[in-house]
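Student: Here is what each chain is made of, one letter per residue.
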Amino acid sequence: MKVVLENLTKIFPSRDKKSGQEVIAVNDFTFEIPDGQLVGLLGPSGCGKSTTLYMISGLQKPSSGKIYFGEDDVTELSTENRGIGLVFQNYALYPHMTVKQNIMFPLQNLKGKDKLTKDEMLERTENAARLVQIDELLERKPSELSGGQQQRVAIARALVKMPRVLLLDEPLSNLDARLRLQTREEIRRIQKETGITTIFVTHDQEEAMSISDIIVVMKLGVVQQIGEPQSVYDDPKNLFVAKFLGTPPINVLEGKVENGKVYIGDDDVLDVAGVEDQDVYIGIRPEGLEPSDDGRLNCTINNIEVMGRDASVVASNSASLNPVVRAIINSDVRIDTTKQTIKFNVKPHKFFLFNKETEERVYFEVN
Amino acid sequence: MVESRHQWKAWLYLSPAIILLLIFTVWPIFNTLRMAFLDGYGNMAAIGGRTFEFGIDNFVKVIDYKDFLLCLKNTAILCVATVPISTILALLIAVALNSIKPLQKTLQTIFFLPYVTNSIAIGMVFAAMFNIVGLRDGGTNAQTWGIINNAIEFFGGEPINWINAGSTYTANIFVMIVYIVWNALPFKILILLGGLQSINKQYYDAAKVDGTRKFRVLTRITVPLLSPMLAYVIITGFIGGFKEYSSIIGIFGDKMSAPGGESLNTMVGFVYDALARDRQGRACAAALILFVIILIVTLINNKFIKKHVHY
Chain D
725 MKVVLENLTK
735 IFPSRDKKSG
745 QEVIAVNDFT
755 FEIPDGQLVG
765 LLGPSGCGKS
775 TTLYMISGLQ
785 KPSSGKIYFG
795 EDDVTELSTE
805 NRGIGLVFQN
815 YALYPHMTVK
825 QNIMFPLQNL
835 KGKDKLTKDE
845 MLERTENAAR
855 LVQIDELLER
865 KPSELSGGQQ
875 QRVAIARALV
885 KMPRVLLLDE
895 PLSNLDARLR
905 LQTREEIRRI
915 QKETGITTIF
925 VTHDQEEAMS
935 ISDIIVVMKL
945 GVVQQIGEPQ
955 SVYDDPKNLF
965 VAKFLGTPPI
975 NVLEGKVENG
985 KVYIGDDDVL
995 DVAGVEDQDV
1005 YIGIRPEGLE
1015 PSDDGRLNCT
1025 INNIEVMGRD
1035 ASVVASNSAS
1045 LNPVVRAIIN
1055 SDVRIDTTKQ
1065 TIKFNVKPHK
1075 FFLFNKETEE
1085 RVYFEVN
Chain H
730 MVESRHQWKA
740 WLYLSPAIIL
750 LLIFTVWPIF
760 NTLRMAFLDG
770 YGNMAAIGGR
780 TFEFGIDNFV
790 KVIDYKDFLL
800 CLKNTAILCV
810 ATVPISTILA
820 LLIAVALNSI
830 KPLQKTLQTI
840 FFLPYVTNSI
850 AIGMVFAAMF
860 NIVGLRDGGT
870 NAQTWGIINN
880 AIEFFGGEPI
890 NWINAGSTYT
900 ANIFVMIVYI
910 VWNALPFKIL
920 ILLGGLQSIN
930 KQYYDAAKVD
940 GTRKFRVLTR
950 ITVPLLSPML
960 AYVIITGFIG
970 GFKEYSSIIG
980 IFGDKMSAPG
990 GESLNTMVGF
1000 VYDALARDRQ
1010 GRACAAALIL
1020 FVIILIVTLI
1030 NNKFIKKHVH
1040 Y
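As given, the protein sequences belong to chains D and H, one line each in that order. The first sequence begins at 725 in the numbering used here and counts up one residue at a time. The second sequence begins at 730 in the numbering used here and counts up one residue at a time.
The set of hints was computed from the structure by calculation and includes no laboratory data. Values in this document were obtained by computation on a predicted structure and should not be read as measured data. Fair warning: there could be bad hints in the mix.
[What the hints assert, rightly or not] Example chain D residues on the side facing chain H (calculated, C-beta under 10 Å, incomplete):
id: 1; residue: 806
id: 2; residue: 817
id: 3; residue: 835
id: 4; residue: 865
id: 5; residue: 882
id: 6; residue: 885
id: 7; residue: 954
Just so you know, even glycine gets a beta-carbon here, dropped at the ideal spot from N, CA and C.
This is chain D alone, in the form it adopts within the complex:
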């Protein structure tokens, strides 16, 4: 089932009556989610990603705009008639019911021609439990389960009535680091097995990048960029997207373009063409900095952090907006730490220019 959002907007009235300032939580969001994809809504808190999810679920009404499931306009449809499954951030499992009763609960609500017999309900409950691998735990109460197990029960409950769209609100935020890795694989697997169009919300870019078919980066209610995770990472449209994606984060430095050269401080680090002279922010991915004796960017070495597979050179440069300039290099490369300075060459495809006023990307050709 594809999901289409058309000029979706949500405005919350002001809490403070005096100032009368409205809050635009989601601003003119238009996007078509293809059938059977796993989509991650990504952004810092307050960016409108959860509001978007709740509007798709029907628990919140959009101020304007339309939502379509396939060809059906569901904008005015109430939550229970939309055929969605929703997994809440805190799972919202009914604490007084066993796992089995929790999963079966949505089925018992079905009425009319959808009504199921007891055996059918039991079978579907067991299938859902097997899918998320909790079929051993059916008689337990939620309080007797670990966080990861509760998460699976919540997913099973959302899936049991075979929703057209599965929505997950910060599905991994309540899990510890190891479980998070495991569960995100699990979500990926379940989504692939069922083929249900799935939309999830997260503030963790790594989580979104690792499992999504498509990510949507949002900021202050406005969609910044939509695309496959790798292409958004490789080709950010503006400084915000560049900064938000990637660990360790992108190095941002102040600089300028003059006569076809990009300057950071006094160093001309790259020859470019097709760019007017202007002040810019320069974004360089940590893997885009190569230590080299004939490098054109001079930095002061602070220290080397060894991580086994690779190492990270921590340096400083007066033009840097981040506290440090970080370069990730192969751990085989030896760095002479007795010297104070280190020279880097930049890889042009890991090197982005942004207009200093608009923070929009400035495209260039490598000369």
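Since the structure of chain D is provided, determine the placement of chain H on it from the hints.
Tutor: Frame of chain D, contents of chain H only:
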């Protein structure tokens, strides 16, 4: 733990509370026990220098007493009828109050008013409301004066003699039940509303996503999640019900019955009567019997709660 050489300080700091508790709680309890088991104990007689045998004569007398069984019956009827009715009504009102946004604070105040109003005063208002079928101005036409009978007449019913001379025991008890239920509502509503407001809203969102009908949300989600509070109001409701006394005075006066009607006296009333007649031994025995009954009912409640309450 306090070091042993400083322990006297701890006792010193505790002493005001301990002394007060000993005088006003521990000694009266002990004394109640003592007097209950002294045959035919009475304060005046004790002052007069009489001594009393140790025995269970007081209990035998109390149970033999016809009035006692009547009081027990009245108390039991009032308890069994009012606790479920008031709990269910309070639950429905609390759920309704919780689900409306405009005027919520005003309505909460209105529903809470009976709690801060004197029960004798409420009783008098109720007595007026349920007043009389009788003859007015020496005329020959039967007139109803109370608002309840006015309402019954307005809808074409026959007025009922609720509480006046010649009224039936059933009518009397009915009025008492209405009164006690109404009087018990505010406290229960307050507790249940507090409980409702602490339930995570996400359960209701989840129920909505699952397409749960309203009644099912109430029975399958709200009531179980509210069960600790429900248990609390039921237990305190029974305890309060067994101690019912002043409400009856409020409506029927200190005779505790409609003129010429059967007595509506309760257990607590029985104890007070015995005290007034200088039968402290019997009063203590009756109080102990009441205590045992409340204990048993509470234990049964607890057993039920363990099975059905989800903390």
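Student: Please go over all the hints and tell whether each is borne out by the structure.
Tutor: How the hints compare with the structure:
no., hint, in the structure
1, 806, "9 Å, holds"
2, 817, "8 Å, holds"
3, 835, "8 Å, holds"
4, 865, "9 Å, holds"
5, 882, "8 Å, holds"
6, 885, "8 Å, holds"
7, 954, "33 Å, violated"
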